[in-house]
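In this note's numbering, the protein residues as written are -14 to 25.
If you are wondering where the hints come from, they were derived from the structure by calculation, not from laboratory data. Wrong hints could be hidden among the right ones.
[Stated by the list, open to error] Across the chosen pairs, the derived CB separations fall in these ranges:
1. F(-12) to Q9: 26 to 34 Å
2. R2 to H22: 20 to 28 Å
3. L21 to V(-5): 23 to 31 Å
4. M(-14) to A19: 24 to 32 Å
5. L(-4) to L16: 20 to 28 Å
Quantities reported herein were computed from a predicted structural model and do not represent experimental measurements. Positions of the beta carbon are idealized from the N, C-alpha and C atoms, including for glycine.
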Amino acid sequence: MIFYLIYFIVLFSLYVRFIYSSEQIKNFFLLRYALLHLAP
């Protein structure tokens, strides 16, 4: 039972991450680019 709960949480988190990344992937890459180039 606990195994299924963990499995569901992992799948749900991956789904949310996929949806969020598909919407914010450009902003994420811009932020990463800025952080990499602003870091000393």
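* Starting from the hint 20 to 28 Å, judge whether the C-beta atoms of R2 and H22 obey it. => Since R2 and H22 have Cβ atoms about 25 Å apart, the given range 20 to 28 Å holds.
* **Cβ separation of F(-12) and Q9, checked against the hinted range 26 to 34 Å** => Check passed, 31 Å falls within 26 to 34 Å.
* Asked: Lying within 24 to 32 Å: is that true of the beta-carbon distance M(-14) to A19?
  -> violated (45 Å)
* Asked: Is the gap between the beta carbons of L(-4) and L16 within 20 to 28 Å?
  -> holds (26 Å)
* To do: Note whether the CB distance of L21 and V(-5) lies within 23 to 31 Å or breaks it.
  => holds (29 Å)
Hint 4 alone, counting from the list given before, is not met by this structure.
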